[in-house]
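Working from the sequences, and respecting the hints, build out all of it.
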Amino acid sequence: MDKNQSIITCKDVSTDRLKDISFELRRKQIMTIVGPSGAGKSSLLFLLNRLEEPISGKIYYLGQNIKDIPVTQLRCEIGMVFQSAYLFDGTAEENIQYGPKMSGKLEDCNVDRLLDLVDLPKSFKMRHVTSLSGGEQQRVAIARTFANKPSVLLLDEATSALDIKTTEHIEELLIRLRDEKEISILMVTHNLKQAERMGSQTLYMEEGKLIERGMTTRMFAHPETNHFEKFLKE
Amino acid sequence: MEGTELSNLSLLFIIVFVFIPVSLSYWFSLNLSKTIIWSSIRGVVQLFIIGYVLTFLFDLPNWQGIGLWVAVMVVVATINAARKGKNIPFVFPVVFIIIALTEVFIISLWLLFGYIPFSAEKVIPISGMIIGNSMIAIGLAIERLQSQFREEKGRVLAALSLGATPQQASLQIVQKTLKAAMIPNIDGLKTIGLVQLPGMMTGLILGGVSPMDAVRYQIVISLSIFVSVAVCAMMVTILLYRFYFNDKMQLININS
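Just so you know, the sequences run in chain order Z and G. Residues 856 to 1089 in the working numbering are what the first sequence spells out, letter by letter. Residues 161 to 416 in the working numbering are what the second sequence spells out, letter by letter.
Rather than coming from a laboratory, the hints here were simulated on the basis of the structure. Every residue, glycine too, gets a C-beta built ideally from N, C-alpha and C. Any given hint could be a false lead.
[Stated by the list, open to error] In silico DSS-like pairs for lysine-lysine, Cα to Cα no more than 25 Å straight-line:
no., chain 1, residue 1, chain 2, residue 2
1, G, Lys-350, G, Lys-336
2, Z, Lys-1064, Z, Lys-1085
3, G, Lys-313, Z, Lys-922
4, G, Lys-408, Z, Lys-922
5, Z, Lys-913, G, Lys-408
6, Z, Lys-1020, Z, Lys-977
7, Z, Lys-960, Z, Lys-1004
8, G, Lys-408, Z, Lys-956
9, G, Lys-408, Z, Lys-1004
10, Z, Lys-1088, Z, Lys-1048
11, Z, Lys-1004, Z, Lys-1036
12, Z, Lys-913, Z, Lys-874
13, Z, Lys-1004, Z, Lys-980
14, G, Lys-336, Z, Lys-956
15, Z, Lys-1048, Z, Lys-1085
16, G, Lys-244, G, Lys-339
17, Z, Lys-866, G, Lys-408
18, Z, Lys-960, G, Lys-408
19, Z, Lys-874, Z, Lys-1064
20, G, Lys-313, Z, Lys-956
21, Z, Lys-1004, Z, Lys-883
22, G, Lys-408, Z, Lys-874
23, Z, Lys-956, Z, Lys-977
24, Z, Lys-1085, Z, Lys-874
[As the list claims (entries may be wrong)] Interface residues of chain G toward chain Z, partial, derived using beta-carbon atoms under 8 Å:
no., residue
25, Thr-325
26, Gln-328
27, Met-409
28, Gln-410
Laid out in structure tokens, this is it:
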């Protein structure tokens, strides 16, 4: 497939918290979203996973309006990982199998391979989720999302509750998954260093508006707007 | 009945009982004296009014007396239980229908199996127990459903984001809600007769019925209440959880 192919296209999307958001996410691209609290970053991810509905504007997934795609299918293809792992009561295996089980594709779910993908040993399969550390829980959450074989991964401050070492491991994991699975990643982060490390493109949002966007290296070196420049200095 | 009649004068002596908690409240500075006195007076007045109302109803033709009072009980129980979830759409009609259907179903079985005749003296007290317990179970289920959706919002969103339908995403919430609504009744069944004699059985024994006959009636009423509690909790939970989602399988915030 064409590397420049647009996976997600947002056109003039507005909600009660977002105003006229437009951008494109391309295949194998990692895009970061930064901005102060209440900027609408998480709301934007919720729209893409169709956990919320826009008032106006259109969102396309592989050229198709997401309203024309069955909701459960769309949510499998555009996976989401939250700030908290939100694991369900049970073992790591039961959590990883959740998505495929719900869609009746349990036979396609190889838990060992998914654990391996997120650098967890097979012995973790039968571990109850409450016995896992924060980093391990987040890895299980990522594996759980990957069990649905998504082509886009939305990360809503997925590493903000983790220590630096675990965060670095998860970042390495995401880059490897992008390369191996050819997925696109859209990640919301409060951590500017992380945005700089991870994103080839960055979106800067403030009060529900997309203030600045572009190549991450250019934006962080030479911000075009006073808003983003001020935000970087803070 | 012999040995069970209370004169107005002997009833007055019960005032002594009220002074005990009032004194305790005063002694420990609980500031509850006024509330205790007011609640006691209110309870006594309410019971006398009910006594006069029941006397009036029992003098009416059976279908009129039963119809009138059961309708009042169902409406009052609906208001009491449904107001715990007033932010949930259609909660009042849903709760009304559930309580009314459960009442009709249980009383029909009692009449069908010949446990009681179709008379206001029998149907109204039994209906009171069925409707009252249904009201408590529904209130508990609504409260638990709301608190679960508040506490488990993140997990429900995570489940939806993984492609689960609202039904699949709410499964654990529905299970926990049903357990919470039914467990007080299950615990009550376990200890029935051991900790305290149930109200109906006590009433029958005080009224001169033999303990074994009283036990037979108690078994029927206890199991009837258990069925009504289980059915009401299940129906209200299954019907109301859907209102937490829209037709696009999105979680909507209806909790206050």
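Okay, the hints, checked on the actual structure:
1. G:Lys-350 with G:Lys-336: holds, 20 Å
2. Z:Lys-1064 with Z:Lys-1085: holds, 16 Å
3. G:Lys-313 with Z:Lys-922: Satisfied, since the Cα-Cα distance of roughly 24 Å is no more than 25 Å.
4. G:Lys-408 with Z:Lys-922: holds, 9 Å
5. Z:Lys-913 with G:Lys-408: With a Cα-Cα distance of about 16 Å, the restraint between Lys-913 (chain Z) and Lys-408 (chain G) holds, given a limit of 25 Å.
6. Z:Lys-1020 with Z:Lys-977: Between Lys-1020 (chain Z) and Lys-977 (chain Z) the Cα gap is close to 22 Å, so the pair holds against 25 Å.
7. Z:Lys-960 with Z:Lys-1004: holds, 11 Å
8. G:Lys-408 with Z:Lys-956: Between Lys-408 (chain G) and Lys-956 (chain Z) the Cα gap is close to 21 Å, so the pair holds against 25 Å.
9. G:Lys-408 with Z:Lys-1004: holds, 22 Å
10. Z:Lys-1088 with Z:Lys-1048: Holds, because 13 Å separates the two Cα atoms, which is no more than 25 Å.
11. Z:Lys-1004 with Z:Lys-1036: The given pair, whose Cα atoms are some 9 Å apart, holds under the 25 Å limit.
12. Z:Lys-913 with Z:Lys-874: Holds. Lys-913 (chain Z) to Lys-874 (chain Z) sits at ~13 Å (cutoff 25 Å).
13. Z:Lys-1004 with Z:Lys-980: Satisfied, since the Cα-Cα distance of roughly 19 Å is no more than 25 Å.
14. G:Lys-336 with Z:Lys-956: Holds, because 21 Å separates the two Cα atoms, which is no more than 25 Å.
15. Z:Lys-1048 with Z:Lys-1085: Holds, because 16 Å separates the two Cα atoms, which is no more than 25 Å.
16. G:Lys-244 with G:Lys-339: holds, 18 Å
17. Z:Lys-866 with G:Lys-408: This hinted pair holds, its Cα atoms lying about 20 Å apart.
18. Z:Lys-960 with G:Lys-408: holds, 22 Å
19. Z:Lys-874 with Z:Lys-1064: Cα-Cα ~5 Å, so holds.
20. G:Lys-313 with Z:Lys-956: holds, 21 Å
21. Z:Lys-1004 with Z:Lys-883: holds, 14 Å
22. G:Lys-408 with Z:Lys-874: Within the cut-off at roughly 22 Å; holds.
23. Z:Lys-956 with Z:Lys-977: holds, 20 Å
24. Z:Lys-1085 with Z:Lys-874: holds, 21 Å
25. Thr-325: This hint holds: Thr-325 (chain G) lies near chain Z, its Cβ roughly 7 Å from the closest one there, short of 8 Å.
26. Gln-328: holds, 5 Å
27. Met-409: At 5 Å from the nearest chain Z Cβ, Met-409 (chain G) passes the 8 Å test, so the hint holds.
28. Gln-410: Holds - the Cβ of Gln-410 (chain G) comes within 8 Å of chain Z, reaching about 6 Å at its closest.
Taken one by one, the earlier hints all hold for this structure without exception.
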